[in-house]
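Number of protein chains: 2
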Amino acid sequence: MSPNYDEISRKAVRYIEDNYNKYIDLLGSLVEYKTVAAWGGDDMARCADYLASILRERGFKTQIKSGGGHPVVLAEVGSGSKSVLIYNHYDVQPPDPVELWESDPFKLSKRGDYLFARGVADNKGNIAARIGAIDAIIDSIDKLDLKIKFFIEGEEEIGSPTLERVIQDNREWIRSDGGIWETGYIRRDDRLGISLGFKGMLYIEIILKGASRDVHSGNAPLVPNPVWRMVRLLSLLKDEHGRIYVPGFYDDIDPEFVRAGEELVKKMDTAELEEMMKDLGLKSFVGGVSGYEALRKLHLEPSLNVSGLYSGYTGKGSKTIVPSIAGAKIDIRPVPGQDPEKILSNLKKYLKENGFEDAQIVVHSMYRSGYTKPGEAIVRATVNAAIKAYGKEPSVSPLSGGSGPMYYFTNIAGTPMSGAGVGYYGSKAHAPNENIRVRDFVNGMKHFALTLIEFSALARK
Amino acid sequence: MSPNYDEISRKAVRYIEDNYNKYIDLLGSLVEYKTVAAWGGDDMARCADYLASILRERGFKTQIKSGGGHPVVLAEVGSGSKSVLIYNHYDVQPPDPVELWESDPFKLSKRGDYLFARGVADNKGNIAARIGAIDAIIDSIDKLDLKIKFFIEGEEEIGSPTLERVIQDNREWIRSDGGIWETGYIRRDDRLGISLGFKGMLYIEIILKGASRDVHSGNAPLVPNPVWRMVRLLSLLKDEHGRIYVPGFYDDIDPEFVRAGEELVKKMDTAELEEMMKDLGLKSFVGGVSGYEALRKLHLEPSLNVSGLYSGYTGKGSKTIVPSIAGAKIDIRPVPGQDPEKILSNLKKYLKENGFEDAQIVVHSMYRSGYTKPGEAIVRATVNAAIKAYGKEPSVSPLSGGSGPMYYFTNIAGTPMSGAGVGYYGSKAHAPNENIRVRDFVNGMKHFALTLIEFSALARK
Numbered sequence: 014m015s016p017n018y019d020e021i022s023r024k025a026v027r028y029i030e031d032n033y034n035k036y037i038d039l040l041g042s043l044v045e046y047k048t049v050a051a052w053g054g055d056d057m058a059r060c061a062d063y064l065a066s067i068l069r070e071r072g073f074k075t076q077i078k079s080g081g082g083h084p085v086v087l088a089e090v091g092s093g094s095k096s097v098l099i100y101n102h103y104d105v106q107p108p109d110p111v112e113l114w115e116s117d118p119f120k121l122s123k124r125g126d127y128l129f130a131r132g133v134a135d136n137k138g139n140i141a142a143r144i145g146a147i148d149a150i151i152d153s154i155d156k157l158d159l160k161i162k163f164f165i166e167g168e169e170e171i172g173s174p175t176l177e178r179v180i181q182d183n184r185e186w187i188r189s190d191g192g193i194w195e196t197g198y199i200r201r202d203d204r205l206g207i208s209l210g211f212k213g214m215l216y217i218e219i220i221l222k223g224a225s226r227d228v229h230s231g232n233a234p235l236v237p238n239p240v241w242r243m244v245r246l247l248s249l250l251k252d253e254h255g256r257i258y259v260p261g262f263y264d265d266i267d268p269e270f271v272r273a274g275e276e277l278v279k280k281m282d283t284a285e286l287e288e289m290m291k292d293l294g295l296k297s298f299v300g301g302v303s304g305y306e307a308l309r310k311l312h313l314e315p316s317l318n319v320s321g322l323y324s325g326y327t328g329k330g331s332k333t334i335v336p337s338i339a340g341a342k343i344d345i346r347p348v349p350g351q352d353p354e355k356i357l358s359n360l361k362k363y364l365k366e367n368g369f370e371d372a373q374i375v376v377h378s379m380y381r382s383g384y385t386k387p388g389e390a391i392v393r394a395t396v397n398a399a400i401k402a403y404g405k406e407p408s409v410s411p412l413s414g415g416s417g418p419m420y421y422f423t424n425i426a427g428t429p430m431s432g433a434g435v436g437y438y439g440s441k442a443h444a445p446n447e448n449i450r451v452r453d454f455v456n457g458m459k460h461f462a463l464t465l466i467e468f469s470a471l472a473r474k
Numbered sequence: 014m015s016p017n018y019d020e021i022s023r024k025a026v027r028y029i030e031d032n033y034n035k036y037i038d039l040l041g042s043l044v045e046y047k048t049v050a051a052w053g054g055d056d057m058a059r060c061a062d063y064l065a066s067i068l069r070e071r072g073f074k075t076q077i078k079s080g081g082g083h084p085v086v087l088a089e090v091g092s093g094s095k096s097v098l099i100y101n102h103y104d105v106q107p108p109d110p111v112e113l114w115e116s117d118p119f120k121l122s123k124r125g126d127y128l129f130a131r132g133v134a135d136n137k138g139n140i141a142a143r144i145g146a147i148d149a150i151i152d153s154i155d156k157l158d159l160k161i162k163f164f165i166e167g168e169e170e171i172g173s174p175t176l177e178r179v180i181q182d183n184r185e186w187i188r189s190d191g192g193i194w195e196t197g198y199i200r201r202d203d204r205l206g207i208s209l210g211f212k213g214m215l216y217i218e219i220i221l222k223g224a225s226r227d228v229h230s231g232n233a234p235l236v237p238n239p240v241w242r243m244v245r246l247l248s249l250l251k252d253e254h255g256r257i258y259v260p261g262f263y264d265d266i267d268p269e270f271v272r273a274g275e276e277l278v279k280k281m282d283t284a285e286l287e288e289m290m291k292d293l294g295l296k297s298f299v300g301g302v303s304g305y306e307a308l309r310k311l312h313l314e315p316s317l318n319v320s321g322l323y324s325g326y327t328g329k330g331s332k333t334i335v336p337s338i339a340g341a342k343i344d345i346r347p348v349p350g351q352d353p354e355k356i357l358s359n360l361k362k363y364l365k366e367n368g369f370e371d372a373q374i375v376v377h378s379m380y381r382s383g384y385t386k387p388g389e390a391i392v393r394a395t396v397n398a399a400i401k402a403y404g405k406e407p408s409v410s411p412l413s414g415g416s417g418p419m420y421y422f423t424n425i426a427g428t429p430m431s432g433a434g435v436g437y438y439g440s441k442a443h444a445p446n447e448n449i450r451v452r453d454f455v456n457g458m459k460h461f462a463l464t465l466i467e468f469s470a471l472a473r474k
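First to last, the protein sequences are chains A and B. If you're matching positions, the first sequence starts at 14 in the working numbering and goes up one per residue. If you're matching positions, the second sequence starts at 14 in the working numbering and goes up one per residue.
No lab work stands behind these hints: they were computed from the structure. Fair warning: there could be bad hints in the mix.
For chains that are exact copies, the list does not tell them apart, and a pair is met inside one copy or across any two.
[To be verified] Within a straight-line C-alpha distance of at most 30 Å, the following computed BS3-like cross-link-like pairs (lysine-lysine) qualify: (1) Lys441 with Lys329; (2) Lys329 with Lys120; (3) Lys329 with Lys78; (4) Lys329 with Lys222; (5) Lys291 with Lys361; (6) Lys280 with Lys123; (7) Lys329 with Lys401; (8) Lys296 with Lys365; (9) Lys156 with Lys123; (10) Lys160 with Lys386; (11) Lys160 with Lys74; (12) Lys95 with Lys156; (13) Lys362 with Lys95; (14) Lys279 with Lys95.
Bound-form chain A, shown alone (with noise of 0.2 Å):
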């Protein structure tokens, strides 16, 4: 007999309304984790282990796993013959720069309908809204004849370097019949934004060094800086326009690939980026791109950026030396088709043929890009449930601009895989005083209750 989805729906959506302030309560207690996996340090086991003790509580047979990095959370529960797996992290990106925050990072605040702290968005707002939207079907997860499995890493914001090793070790436990991303967001038009799809990361720091020590910069006529250098590497890189000069970065993309996600971009809001440039308080984007042409831009090209560059003393005032050091932090984000070893591999050659063989280059993280097609039950699922949550039909974005370890569940684990979350446009992720609304928390509980009961019934027929 077919469970009665309405009523099962309804008794859901009641119960979140009665009860989201609870899981407000839990976002609160996770956000005190300092789970900054940058730094590492006891943080990250103790969170996990807390994850683990309230998924066990709720009846979930939970494991911690390790690729030999941070650990991870994996949790399931029922016996359902469809399986869907809910990736999420609980880690999250430093907090610097800390002088901006209003409020502590660590300490969620609630100001009006908004609540700040690191990770609020990014990722920990999405597992309290999980964990209630389970809540609130827990009773019903036989009848809709659900197996759900958590899988909560905490290596996501240094780009999963130990990911592979537990994705590998545990394929089978993983292979679901759709999965759901980490993370969405609300776009400015109050519409979900749905990410069928991530960008790769390949993120490497490139060394160069000068003499062994810093000097007193009277001695600059003959000490070498290698500051001089990077700005010479650099600009081999990239220049102002955007137009990336490694050699064959191009040329692997997927043409199949663009040609579905050049359909999806044209359904895609525009007005959300003047928003943005307004936002931002920017006259125009790189190389004077708008409209379509910079959201394809923003969903189906690669990218390469310096997120950190730095030489020398950069504390207040002056101090006059040769610094012996100049690095900089480099992030590059791959679509599919692109393989991050061949990109480094190219970049290395480009570098050695340029004068620059004695440049270290420490690679921080590794993964292509991953993306599932707009056909499968699980985007469905997603889709339909945003109508009922929001009322509106939901924003579906071929790939989002930035960057996740799809790669390892849809090709790896043969998982397909849609997004949603609690997020919205102005969550300022990974920038001070990152905070979602209430509203949205409390949206996004509902749509992620109601995603599991419209992938029930859509497996069902």
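For chain A, the structure is supplied; the task is to place chain B on it using the hints.
Relative to chain A, chain B alone:
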């Protein structure tokens, strides 16, 4: 009746040999003041007061002056007809990177013949040694017909931004028959290096802005990153080979100074250059220069150096943002004839012409190069005293590679200046583990006492 110079000298040398540990203790008390001019804070005024009090104990009349910045100590003793001005500074460079120090930078650490702490070489060691030297001759000061004046400022390491006002306001007090500069170093060939001049300083910080805040670098295809413009800006200033491209930069160098300077440089020892190369682990100097050509560059040519470069995330691990700001701290060291005001205005025009009208330029300090001709009595006194104190001819350079506000003293207060001091080639001024050798501290004290005696003798002839 002419005083018995030999007897006064012998007595001074004996006093120093018997009492030098007292002045190491004095140095120990000085380095504990955290007088980092770039930081500011209470220790600046506390250290100035302390210096005034220990000079008062010795019979000096003291005054504390200020040009609006950190206090300046003025002190004088004796009523002779010939005056000697001693220029020093109690401020120091920041201790960064602190983790590379082997002992607390603000605590004197004696290890074997070495004394470690921030400021031991630059320049608190010279203050302590000079006070010791004055104690050694104080009983003879009337016989020597001398008046001795201390001028101890607190902003040398940030380019003496308010020094000019103090000099202008106290020009008559400052004007002296001879002056002693703050520093001087024992070279690798055991000869005392005496500098007859210092390069000037134009320390600027160039800041370029992109978006109004850092944003997630998923937006890199659209949001301009100021790093790429900084790369182009810096490439317009100088190349890896050391050539400076600011228009007109080399035009105004005084040809008279260059001709006289080349004569002195020819007499300098080039062996030190190879040692420096080895010490710093270098394969070659900028532009491949060596020998006379390298000394010429170091002592006669202006420089333009990046002391600090920063943008975005520079902590450990990775963070993925498009930075909103990129900045470069640049020190330019003009030589005699060059006007830093003109260099700055040419630079601004040049940047504007190349599309950088939005570049923000903060001037941290600006002063001209100053130098003294080799025939002056004070120079001859330091040279003669060096032969007696060290048993070797000193090495006289026309212009130190470093900068100092000597111009205010030589050109504005009309006082010829000569330099000497207690540091050595391995002192690591401005770097971690700054240190001096006890033997140089003792010899420097003798040298300074003998310089005053020589100066008195030359004046009487």
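Comparing the hints with the structure gives:
1. Lys441 with Lys329: Both ways: lysine 441 and lysine 329 sit 27 Å apart in one copy and 21 Å across, limit 30 Å.
2. Lys329 with Lys120: Result: close both inside a copy and across copies, 29 Å intra and 23 Å inter.
3. Lys329 with Lys78: Classified as between; 25 Å across copies, 44 Å inside a copy.
4. Lys329 with Lys222: This pair counts as both: shortest intra-copy Cα distance 24 Å, inter-copy 18 Å.
5. Lys291 with Lys361: For lysine 291 and lysine 361, the Cα distance is within 30 Å only across copies (29 Å; inside one copy 38 Å).
6. Lys280 with Lys123: Classified as neither; 35 Å inside a copy, 73 Å across copies.
7. Lys329 with Lys401: Classified as neither; 53 Å inside a copy, 44 Å across copies.
8. Lys296 with Lys365: Classified as between; 18 Å across copies, 37 Å inside a copy.
9. Lys156 with Lys123: For lysine 156 and lysine 123, the Cα distance exceeds 30 Å both inside one copy (37 Å) and across copies (79 Å).
10. Lys160 with Lys386: within (23 Å within a copy, 90 Å between copies)
11. Lys160 with Lys74: within (12 Å within a copy, 88 Å between copies)
12. Lys95 with Lys156: within (12 Å within a copy, 105 Å between copies)
13. Lys362 with Lys95: neither (48 Å within a copy, 69 Å between copies)
14. Lys279 with Lys95: neither (33 Å within a copy, 87 Å between copies)
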